[in-house]
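First residue of the sequence shown? That's 230 in the working numbering, and the numbers climb one at a time after it.
Think of the hints as simulated: they come from the structure by calculation, not from any bench. Heads up, a few of these hints could be off.
Restraint-style ranges between C-beta atoms, simulated for each label pair [unchecked claim]:
1) Thr458 with Ser325: 34 to 40 angstroms
2) Arg420 with Ser233: 53 to 59 angstroms
3) Tyr354 with Glu423: 27 to 33 angstroms
4) Ala403 with Thr266: 24 to 30 angstroms
5) Gly239 with Val359: 19 to 25 angstroms
6) Val251 with Ser374: 48 to 54 angstroms
7) Lys445 with Pro238: 56 to 62 angstroms
8) Met398 with Ser264: 37 to 43 angstroms
9) Glu423 with Leu335: 26 to 32 angstroms
10) Lys369 with Thr461: 42 to 48 angstroms
16 angstroms max Cα-Cα, derived EDC-like pairs, lysine to aspartate or glutamate [to be verified]:
11) Lys316 with Asp363
12) Lys388 with Asp285
13) Lys280 with Glu380
14) Lys314 with Asp273
15) Lys314 with Asp285
16) Lys405 with Glu322
17) Lys440 with Asp456
18) Lys388 with Glu423
19) Lys388 with Asp470
20) Lys316 with Asp273
21) Lys310 with Glu282
22) Lys314 with Asp363
23) Lys316 with Glu282
24) Lys314 with Asp353
25) Lys388 with Asp418
26) Lys316 with Asp373
Each residue gets a CB set at the ideal place from its N, CA and C atoms; glycine is no exception.
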Amino acid sequence: MKTSLARTPGYANALGQIQQPVRPFLTLYRNVPGSITSAAKNFDRSLSQSKQEWIDQAQGWATVANLQEDGIELRNIAWLKPGSKRKFAAKNEAKSLHTKLPKSALAMISGGNFNQFWQDYRQDYITYPVQPFDPNLVNKGIQDSLGLNWEKDFLSWMKGEFAIAMVPMPGDAAQKMPIGIMALVKTNDRRAAEISLKQLDDAMIGQQRYKVIPGKFNNEPIVNWSDPTTGTTVTRGWLNDNIAFFSLG
């Protein structure tokens with residue numbers, strides 16, 4: 230007789246953490262290594278040995294949904310197999326950076342360390358039920374289009390709190406681009422950030438043929454990148470001594 234789902238290592242403990250204080254009206258469970266391996270076989274895709282070994286250390290992913298008076302509450306948890314060499318980063322130093330986003334934000338993600346978030350996502354994204362983008366394509370895209378190294382030139386100074394949001398575009402601008410992106414990141418090295426951002430400005434001029442124009446916002450210096458073909462505009466600057474911001478749209 231096969232072992233029941235309830236006896237899956239870590240299952241009862243994991244569900245117990247997210248089912249309190251009431252039993253949910255819906256529970257979702259995913260066998261992470263089993264589902265990924267099966268999907269790879271069904272779509273005739275091969276997994277490298279190192280990637281398969283990494284996946285096999287994961288155990289499960291579960292979500293519960295609870296009905297609330299004002300909506301639906303979702304709780305998620307992921308866990309590893311007993312004895313796994315992998316470890317989840319258990320530190321979250323996010324404080325208040327997300328409060329600097331506009332109240333019109335449509336969706337937002339924030340955390341305590343963007344560098345750590347990216348490294349974790351890059352290693353584990355194949356195990357996620359939802360995969361917004363392939364981090365390897367981001368690395369390649371930046372290298373190919375700008376001649377810059379994402380991890381060396383940017384992530385090295387992004388070891389602080391971050392917040393990224395989708396925001397509605399105001400007025401007539403919404404006709405060309407309904408939704409814009411705003412990103413805030415606290416740097417651990419302002420000098421390194423300034424050097425990388427200057428290299429980025431130069432690459433936008435030389436590689437992408439953008440117009441790069443200095444400006445002012447609330448009497449603080451900013452830099453505007455403008456695509457003469459599409460009219461797309463990106464603005465970057467500093468909110469204070471260590472918080473860089475980027476706005477697309």
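Hints, one by one, checked against the model:
no. : hint                                   : result
1   : Thr458 with Ser325: 34 to 40 angstroms : holds (39 angstroms)
2   : Arg420 with Ser233: 53 to 59 angstroms : holds (58 angstroms)
3   : Tyr354 with Glu423: 27 to 33 angstroms : holds (30 angstroms)
4   : Ala403 with Thr266: 24 to 30 angstroms : violated (44 angstroms)
5   : Gly239 with Val359: 19 to 25 angstroms : holds (21 angstroms)
6   : Val251 with Ser374: 48 to 54 angstroms : holds (50 angstroms)
7   : Lys445 with Pro238: 56 to 62 angstroms : holds (58 angstroms)
8   : Met398 with Ser264: 37 to 43 angstroms : holds (38 angstroms)
9   : Glu423 with Leu335: 26 to 32 angstroms : holds (31 angstroms)
10  : Lys369 with Thr461: 42 to 48 angstroms : violated (21 angstroms)
11  : Lys316 with Asp363                     : violated (22 angstroms)
12  : Lys388 with Asp285                     : violated (29 angstroms)
13  : Lys280 with Glu380                     : violated (20 angstroms)
14  : Lys314 with Asp273                     : violated (28 angstroms)
15  : Lys314 with Asp285                     : holds (11 angstroms)
16  : Lys405 with Glu322                     : violated (37 angstroms)
17  : Lys440 with Asp456                     : holds (6 angstroms)
18  : Lys388 with Glu423                     : holds (15 angstroms)
19  : Lys388 with Asp470                     : holds (15 angstroms)
20  : Lys316 with Asp273                     : violated (30 angstroms)
21  : Lys310 with Glu282                     : holds (12 angstroms)
22  : Lys314 with Asp363                     : violated (24 angstroms)
23  : Lys316 with Glu282                     : holds (14 angstroms)
24  : Lys314 with Asp353                     : holds (14 angstroms)
25  : Lys388 with Asp418                     : holds (9 angstroms)
26  : Lys316 with Asp373                     : violated (33 angstroms)
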